[in-house]
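Participant: Take the two lone chains, each set in its own frame, and fit them into one complex as the hints suggest.
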Amino acid sequence: MLEIICKRLILAIPTLLLVTVMAFCLQKLLPGDPVLAMAGEERDPQVIQALRTKYHLDDPLPVQYYRWLTSAVRGDLGSSLRNQEPVLSLIASKLPVTLELSVLSLLIAMIIGISTGILAAVRKGSWLDHGMNALSLTGISIPHFWLGMLMILLFAVKLRWLPASGYVPPSVDLAQNLRTLLMPSLVLGSGLGAILMRHTRGAMLGVLRADYIRTAKAKGLLPLRIVLKHALRNALVPIITLCTLLFGEILGGAVLAEQVFTIPGFGKLIVDAVFNRDYAVVQGVVIVVAVGFILLNLLADLLNIVINPRMRRA
Amino acid sequence: MKICARFFLGLSGLILLGASGIAQAETMLRVGLSSDPDQLDPATSRSYTGRFVFNALCDRLVDIDAHLDIVPGLATQWSWSADNKALTLRLRQGVVFHDGEKFDAAAVKYNIERDLTLPGSTRKSEISSVSSVEVVDPYTVVLHLKNPDAALLSQLTDRAGAMLAPGATAKGNVAAHPVCSGPYQFDSRVQQDRIVLTKFNQYWNPKPYHFDRVVFLPVPDASVRLANLRAGDLDLIDWVSASDVGTVTSDSHLTLAKPTPLGYMSVVFNIGNGQNKPTSPLAADARVRQAFSWGIDRQALNQVVFAGQYTPANQPFTDASPYHVPLPIPSRDVAKAKALLASAGVTSPLHVTMVVPNEPVAQQVAQVIQSMEAEAGFDVSLQMTEHATLLSRLSSGDFQLALSSWSGRPDPDGDIYSFISSHGALNDGRYSNEQVDKWLLAARQINNQDQRKALYTNVVRQLQIDMPVAYLYFEPRIFAISAKVKGFVPYPDALLRLADVTLSQ
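Heads up: the sequence lines are chains A and B, in that order.
If you're matching positions, the first sequence starts at 213 in the working numbering and goes up one per residue.
If you're matching positions, the second sequence starts at 198 in the working numbering and goes up one per residue.
Calculated directly from the structure, the hints in this document are not laboratory data.
Hints are supplied without guarantee of correctness; some may be wrong.
[Unchecked claim] If the Cβ cut is set under 7 Å, some of the chain A residues that face chain B in the computed set are:
1) G252
2) G290
3) R294
4) T474
5) R489
6) A492
Note that CB positions come from ideal geometry on N, CA and C, so glycine has one too.
Chain B with its partners taken away, still in its complex shape (with noise of 0.2 Å):
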């Protein structure tokens, strides 16, 4: 009897034990990502991947949603002054970043200044705009603009708007252990490994977060980020190639998630970028690059290199923003191809090359758009170049054509200024219109949504006959979750949000 006692009452004491083990076990959401991100320091990080960690990292000023309009983040209320020239950012009370420092206008008059100031800062052009920052109470700031500048609260939205808690910044060292006031705080990185980040206990809005811990796994390889979630080593991952997408759908345990997306991919036409201006035709006439847009077919593109899973393109803005163009998508056109170059004094098929990235994807895209084109009166050659190299002869002109990605803004100034205005610092082609300008630099100037939309319609029009830049399609950052995880909304800007994700055992 002694010992059966006894022996019911270890038992009881083994199962109150697991039971409490699993009662106190923790929670933990792996998320696998396309690419190691760089440096975590918000002024100067470069990585798409790295946004994915300061977003559960650091708060920011302001934030979107999922209809790209801005909500409040670190700043509850935001107004402008009659001239559009002085931002006044209303501040929430009560935050602490995590090393316990508390958050208030100084803090960001701090994060403003070193964005403008430090060396190297990734972040100046975003917010250049800016002139100075006036604390006006503990919980009041104002932004000074040089020059109006429609497009400012959209970059707090991102790493522009990031706070980092001055004192621990101050000591340097923000790359390697970043302090901010998000609801998770740095625990540790082991480069091209592992970042991990810890539940911060004193945040001022615990409730929607319910994990202990967020560790964020770099796995570059497409087919091996999907194998590890099916495998059941990650919770969710970033960017599922189109053509996986049927496994994804196919299996019960996983479910996919394909936000509106923002960025675009595109064929550049180099117009005058170059030591030697280029001559050939494509250059020189517009007649020519037009009659290379209507050569492409852009919905067979989508269907036989995406699945259908993409978006066709034939301007920047996504048709899921205020500001997209209601322009239909040209169907191909050989005739009307062939014509305009006959129209335009080209004898055909006319030889050019095409600066392809060299990945898989991208040379499938380039190997359909040369096919279309080899009817379209088009003789391209492909030149498969690596990502590095590309840049550099982007950069410097040499190329005839070029195909060129961009990741997208939540404001159409992200999406086109750089690209598009005479002296961008992303207009590889070198188009110039004056007109164009200054309806861009307008666009920029004015914060009336209606207003801004106009001139935007204006540019795109113009970009249908100069032709600088064929936009091909829209590009979604695909997520795969396991259907372990409840509650994920995918967002326009494709970053992961924490709030009210959770995670059943």
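Here chain A stands alone, though its shape is the one from the complex (with noise of 0.2 Å):
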């Protein structure tokens, strides 16, 4: 077990590497220079060329990776373009903010799509199986942006139970907390739980046609212990995997929610670097990204293996 985490940390140094040059090169070929849009309606050459010196951005651009990564290799991500705040200090205050909604609107995900998936599943075929599938398919067709704003007009506007938008951080007032990240996590859970459901339908109606359920139900099991017990851990495997992969999802999502909600989290935060061409920013939350991929996938082989020993011998 042990070896395997180390070879696919060494292995991630290369990734990383390559993660980081394709995002510095990608950002350079985007149009607009990120001085004029600094300056704004600022545009007097001088001060133009002033900050430009002042951040090295008239450099050559391999004077500028060198000059990112050395620093970066001694934990200085540089400070904002906009607003000079260290971008790793940026990322550290945005980072939790995101995770909270993450394993929130996972949470809800799971409960939501796990059971139904599962209940389609046993009942294939039913009303039941065929109603699943269309609020399945409408979950996935809904614009978060949009279902979003429809909770802000019902829950916020109308009935006044929830706040619109803003964030509380729970070691301010967990309960506030709980009620700012509620329909974010609703609107983002429900997407990811209608997804959910399709897979974990698909997975367990393979492992319910597999010759070990038939032995089961033939020694006469009880029809919810063969369901929860046998079918589930192996149909486990594949939805595992779906959830480390729903990350990517859950992000791009998370980016829509934080805009509608107006959550000062880490996709607010990449959506408002990328406008604003703040390299700095950008960079540092392309390596945490990919360093989050990267641990997100370890951590679903190994609990793949847990799950299902004979993966161990893979």
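Facilitator: Dropping the structure here:
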């Protein structure tokens, strides 16, 4: 197990390097000058040149990359071009918000998706199955942005049950924190839950057809026990992999949800950084997301090994 | 009996506790901003919404009133020398900064010099006419100028006139923790989430300021901003879309405030910018540009896109400004447009491309123009471009036509000089007319309003002929306010002034 982890972590280094090179080149390919974006209405050529020099933006690209990389390995990801705040502290302040949102959304998605998926598979072909399928198709098709706006209009403007937007850290007020995150995580979670439902249903159907399930049935085991203990355990392998892959989906959804509900998280940071051509922040964000993906994939593999011992030999 | 007495004693105690709780309840105003302000350093700040925060946080040397006239701020009196090259300011006494440092002439000298020398200072060009600052006595300061600058005083009503505490500023970190002398002091900030200011107890004029706390919350999406206001999570919001005005006016819990607009939207023609000099007839012949302008029905544009809430424009000076030139808004004249195209030898339809900011309202404006121009002899292709890219293209001259807006300034110089004078930093189309340059420079160097007005009138009339820019409309930044908020007065610069604003519970 330890050997697998070490091997994977070492392999991650060249991957990360490649990601940074690509991110660096890609953002330079973006049309639009960060200094002009920074200067806004103020476009005096002297000011523009002073800013360009201050942030070393007139150096050749490899020099800029080298400068960034050497400070990055020392743990310094630079400062935001827009507001001077160190990128690391910006990310450190935004990441927990998005992680909380993501975990809540994933929990909601798993509760909705896995339970309805199992029900639909067990009752295959029934009205329940058809209903669940229709519901999941609706869930996948509804744009997050639109659903978010509708929920704000209903729960915040009309009923006044929940705040329309904003964020309160759990350390300040846990109840208020959950109230602010309820709508965004429901919006995000419902879409993901719909995807999870379809995959769970498919995986369960595959497993339920297997010989050992028939054997279990023949042995006269309780149907609930067969479904939860024997079938679900095997069906969970692809579902767990999917959950980690959904991380990308969550991040994409979080970008939208954070815009609609004005949550100061990672997604909002990414969008604003790209629009402002805040290169240092974009680069920092890319690194953190890449590391996140690598670790999550590793985690998925390890979890699968724990659940399915046969994979240890693989 | 005993139990009863204890019960009532306890109850009255609870009521008293509750009452004292109410009496001590913190008053807080929550303001929804259309974007997150950038750096909270007046010398390097560039965002519009940053000015909202500075207005509450920092006193300026002078201010404007609701009629765009200059009124005292930290300077109580001012006078120009006979040659208009020295501005003497008499300063208010008894003012302290939020950290207790005293405000005096030395502080003014420090701030002006900082704006002029700080690397990356975006105030430099606004006050570049200042050559030196002389401290005459602790409460008198003289700004010596390289050349007369009629717009200088007006620049000092905004960020260039905002005074930071020299001691605290010299330590650095201003952008994250500014120390000024305004009615509210900086408390905390979470990027993209909130900026919190608290009441400054030693403020020299405490009476009109009623809140213990003012919180600025950036909510970029206009519909979400309005939803927050309607849900009671915000008390006042900036920049309501014209399409939402109906929602606000039909809601009895809300009121609407529409300041006289200073900012405008225009179509800029590329006349001579770019490595490959533009060769389109639009660049070469003023008649073609005039034809384009005649093709636009500005009233219809206002009705279709802005529900009639905006004001059609044919010049950069808003009709509330004393410098507004009384020229009628041209009504659309397709026959005239076609005749002008024919006289310029252009076979219509003339294919042109317009660069448009990638946002819904600008897109609608562009589409309306596109369909109007189709009848007037122009085949307009639209290129939707995101903001940062648009700025680069304007700057490098990579455009034929561009939809371009300006937030507006109280002094006319700020609305025209950089855009129209031959070497102006914002003259994206590279329009150049020697006579216009002379008028603009003269208007900059005279302090007499009538003489300046005559010069600007000349310029505006000449622009109707040369047509480097087709002005479309003035854009009011509309506020929506909870009915609980009283005393809000909209100013033409569309900033929030908190004096006399109260909130009923």
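Participant: Less than 7 Å between beta-carbons is the criterion; does A:G290 satisfy it with respect to chain B?
Facilitator: This hint is violated: A:G290 lies away from chain B, its Cβ roughly 16 Å from the closest one there, beyond 7 Å.
Participant: Holds or violated: is there a CB of chain B closer than 7 Å to the CB of A:G252?
Facilitator: Holds, because the Cβ-Cβ distance from A:G252 to chain B comes to roughly 4 Å (cut-off 7 Å).
Participant: Quick one, is the A:T474 hint okay against chain B at 7 Å, beta carbons?
Facilitator: With a closest approach of 5 Å, the A:T474 hint holds.
Participant: Quick one, is the A:R489 hint okay against chain B at 7 Å, beta carbons?
Facilitator: holds, 5 Å
Participant: Does A:A492 hold up as a contact with chain B if the rule is Cβ-Cβ below 7 Å?
Facilitator: Given a least distance of 14 Å, the restraint on A:A492 is violated.
Participant: Interface hint check: A:R294, Cβ to nearest Cβ on chain B, cutoff 7 Å. Holds or violated?
Facilitator: holds, 5 Å
Figure legend: structure checked against the earlier numbered hints; hints not met, in rising order: 2, 6.
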